[in-house]
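**Q** Letter by letter, the chains look like this.
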Amino acid sequence: MPPYVVKDKCDGCKGKEEPLCEQICIGDLMTLNPDTGKAYCRSLRDCWDCMSCTKICPKGAIEQRIPYQLGYHGAKLIPMMGTDSITWTCVDINGKVERFSFRTRNKK
Amino acid sequence: MDSELIDREKLKCCHHCGKCSSGCEPNRLDPSFQPHQILHLIGVGALDELLTGDAIWKCTTCFTCSERCPQGIAVTDILWRLRALAFRSGRTSELLAAQKDVLLKTGRLYAASPLDNKKREKAGLPPLPEGSSLVARIFKVSDEDE
Amino acid sequence: MSDEGKIGVYLCACEGEIEKVIALDSLVREASAWPGVTTVRKDSSLCSERGIRTIREEVKKLGLDRVLIAACSASLKMKEFSDLGINKYLVERVNIREQCSRVHSDNPENATKKAGAMLGIFLEKARRSKALEPVTVPAVKTALVVGGGVAGINAALDIAGTDAEVFLVEKKPVLGGNVAEFHRYFPRMCPPSCGLELLLSRIESAPRIHVLTSSEISALSGSPGNFSVTIKAASTGVTNLNEQDRVSTVKAGAVILATGWEPYDPTPLTEYGYGRLDHVITNVEFEKRARERKEFLREVRSTAFIQCVGSRDERHLPYCSDVCCMVSIKQALSLKEADSEHDVRIFYNDIRTPGEYEELYRQARKSGITFIKGIPSELRQEAPGKIAVSVFDTVAGRRTENTVDRVVLATGMRSSQGNSGLNAKIGIVLNKNNFIESHLQCHPQDTQRAGIFSAGCCRAPMDVSRSIESAGSAAIKALQFLKGEITVSPDYPVVNILKCDHCKRCMEECPFKAYSLDEKQFPKVDITKCRACGICMGSCPLGAISLGELSIEQLSGMLDVLDKSYLGDDEPVILGFLCKNDAYRAADDAGLKGVSYPPNLISIMVPCSGAVNGMIISEAISKGVDGILIAGCPDDQCHYVQGSALAKTRLADVSNKLKEMYIEPERVRFVNISRDETEKFAETVKEYVAELKKLGRNPLRIQ
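In the order they appear, the protein sequences are chains A, B and C. Everything in the first sequence is counted per numbering that gives the first Met the number 0, starting at 0 for the first residue and increasing by one. Everything in the second sequence is counted per numbering that gives the first Met the number 0, starting at 0 for the first residue and increasing by one. Everything in the third sequence is counted per numbering that gives the first Met the number 0, starting at 0 for the first residue and increasing by one.
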């Protein structure tokens with residue numbers, strides 16, 4: 000499920016050298032396109048779909064493209080981060096919405 | 000609808016420093032024509048008075064006022080639009096009407112003197128024509144439009 | 000809930016006022032059962048001497064480590080509740096009067112429920128607070144004054160009257176600024192040599208003032224109390240042509256910028272022929288020539304003054320230069336004094352002589368000076384030594400032709416070009432007219448950098464009198480930093496470097512540029528520059544920054560503990576974040592103004608609406624809160640420059656996220672509330688509750 004950056008929302012993390020998605024990507028795939036100043040995934044095939052970039056983006060500019068075998072066009076998987084919790088919204092191919100909230104273990 | 004033609008925002012900034020009237024050539028010849036006064040009159044709701052009067056037709060659109068206005072008010076534009084408003088309500092200046100007649104009749108705004116034609120003869124040019132069907136056609140088209 | 004603690008909960012009946020609405024006894028019963036609560040009691044008047052004594056005794060006797068005071072608003076009785084025998088950061092105030100009993104008196108049952116919910120969340124906040132002490136930083140007792148004109152000189156003298164040292168740096172080889180070259184001051188028409196010389200001799204004899212002329216600031220770093228300034232002294236190159244400019248570094252506790260003004264060059268106003276026509280001069284030139292030679296005032300027989308040359312003009316200086324009317328009147332009077340028959344005409348737009356300067360205007364008229372309301376459009380050379388001024392006299396309603404020997408253009412004042420250079424070196428903020436921007440109307444001497452102040456015309460066009468006053472106010476402010484040490488309240492933010500990801504948003508969004516990077520490239524806040532607005536806390540996408548008195552962990556805990564159905568299953572619950580400068584205070588006024596709103600809103604005070612972190616808002620929604628309301632100052636009045644604007648952006652991002660998650664984006668809302676807009680606040684809450692009722696409860700509520 001490769002990440003797709005919505006150009007209107009991405010602000011290149013205000014033009015700093017390493018945007019947040021680049022810093023957190025475990026596979027070192029996300030980076031800033033020097034021409035547009037927006038983030039992009041350098042090698043979609045190598046993405047492991049961990050969705051760390053999606054979770055950390057402060058502008059919510061990254062979306063996941065769910066492969067059609069899993070959910071076809073209508074499906075979406077959207078995380079919303081809290082400080083000690085995360086809420087997932089799942090929309091399946093029939094448009095049914097489900098939400099799940101979890102505590103995260105990332106306390107200091 | 001009429002008043003939309005005039006940019007009231009900018010107009011309100013005028014505080015009558017008089018620089019426009021000071022540099023106005025028509026004002027030099029006819030002191031009753033005062034651009035700063037005209038702007039003020041629009042602001043206090045005397046639009047009708049202006050549209051029926053003679054004043055707005057005396058502007059020669061030299062743009063000196065607009066160039067020098069400290070508030071950046073496009074005085075010439077406003078005068079122009081006042082004329083448009085006047086024209087839309089069917090009013091026009093006698094001066095203009097007279098000029099229109101001359102233009103239709105002779106195709107020129109001024110009379111051709113025999114001296115002009117003599118000079119032209121000397122230079123091998125044909126004499127100045129009297130009347131112009133082209134001008135008549137232009138008038139016909141614009142008259143139909145308005 | 001986190002670890003227990005030994006908490007004392009005190010409920011004030013406020014001489015019966017609160018208890019009339021809120022059933023304190025039932026709250027006492029409820030709170031006694033909560034974990035960590037050692038004692039709960041109600042009292043008729045907590046702020047009374049007896050009340051305070053009781054709390055103090057219990058703190059000692061029971062070994063309480065946190066205290067909860069449920070009473071009036073935290074902005075009241077601060078002195079009384081500051082001395083309870085426990086660190087003041089371990090005392091939590093719960094506002095059950097202004098924001099509960101006073102505004103929900105029509106429904107005591109609901110008011111009590113809301114008070115209970117408030118107690119619950121602030122108890123959790125208290126559990127997570129830490130004891131904090133103010134920090135004292137050693138500081139240098141030296142001030143740096145940049146600019147040796149009237150303002151700079153006075154600021155230096157004012158400061159040297161205490162035991163602080165002063166470095167006075169002036170770009171020119173001599174002190175005195177623009178005014179030293181002038182002929183007369185208004186309104187008393189004294190020569191500058193009088194007052195200025197006295198001041199200059201005092202400077203010379205002051206042991207603690209070090210004057211550096213022909214010197215300029217080339218760099219400034221460090222923080223208030225400990226600025227490090229590099230000064231470059233121009234070489235004289237007299238004896239040694241290869242002599243380099245001398246560079247020295249000075250440590251300063253505070254800086255006062257008094258870089259002054261320059262006359263606006265009227266050459267671009269080509270219609271007035273400055274530089275092209277003879278005998279057309281500026282007001283500044285008039286002063287200088289009048290000073291240089293006495294005969295100047297008698298050289299011609301007629302003079303015209305044209306006002307507002309370049310000022311109040313969209314194409315040149317859009318502002319009014321404040322002094323030109325007085326200057327022209329002063330100069331006209333000088334001409335009349337030298338020769339009472341001198342034909343003086345002043346062509347004006349408005350005559351601005353505020354306060355008692357009006358007397359001088361009257362004097363000018365009486366002396367026979369002609370005032371004509373009309374600005375000339377152009378000047379023409381009529382004959383050698385004669386200028387034609389053709390003006391439409393707007394009062395007479397007709398044109399007047401004038402021929403004069405000399406024309407004085409009353410040209411305006413622009414901020415010294417040095418200002419823009421300084422901006423780059425020091426990082427102070429300039430407004431759109433290049434004057435130093437303070438952003439707070441009530442603190443005109445501030446710049447947006449702590450420890451750096453402005454005085455005189457570099458701040459705004461002003462006359463000598465006001466310049467001296469502004470120098471005084473800058474000096475007083477500067478003295479706060481010249482006491483040898485600076486004490487900082489521990490409200491400043493702390494960065495959790497374990498969570499920080501170097502995105503540097505905090506650095507960028509801080510309106511006071513208080514952040515810099517440490518050796519490991521983590522953001523570090525300069526506590527002397529910080530104003531504890533919390534905008535950095537709001538900006539961090541990872542929630543790594545917390546303020547001393549409000550942390551992300553506290554907010555998170557409060558969200559956990561909040562009873563999302565404290566009014567019952569059908570009533571929505573709104574969490575409000577109100578800024579402490581405007582919105583919270585406006586809300587506090589509601590009861591007194593007889594304005595009420597529904598009890599569905601519980602508000603938390605934040606230093607600035609920009610301090611609210613987007614993650615906290617998202618978390619609130621995901622934990623089941625039905626609506627979030629953020630209320631901040633009107634955008635251009637925000638005490639921290641950009642807080643409200645930033646809050647709106649953050650909210651918009653959350654809103655978008657909610658939309659994607661098929662949650663109604665209306666569940667987060669921002670409203671601008673000014674200090675006196677209590678009614679607007681109440682209306683907003685009423686409207687919001689109605690809207691949320693229509694939307695239904697938060698779909699994430701069932702967890």
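Derived from the structure by calculation, the hints contain no laboratory data. Warning: the hint list may mix true and false statements.
Said to hold, decoys possible - For lysine to aspartate or glutamate, the following DMTMM-like pairs were computed, each having C-alpha atoms within a straight-line distance of at most 25 Å: (1) A/37 - C/500; (2) C/647 - C/635; (3) A/37 - C/508.
**Q** Taken at face value, is the distance from the CA of residue 500 of chain C to the CA of residue 37 of chain A at most 25 Å?
**A** Within the cut-off at roughly 18 Å; holds.
**Q** Does residue 635 of chain C lie within 25 Å of residue 647 of chain C when you go C-alpha to C-alpha?
**A** Distance ~13 Å between residue 647 of chain C and residue 635 of chain C Cα, so the pair holds.
**Q** Starting from residue 37 of chain A, check that the Cα of residue 508 of chain C is at most 25 Å away, please.
**A** holds, 20 Å
Taken one by one, the earlier hints all hold for this structure without exception.
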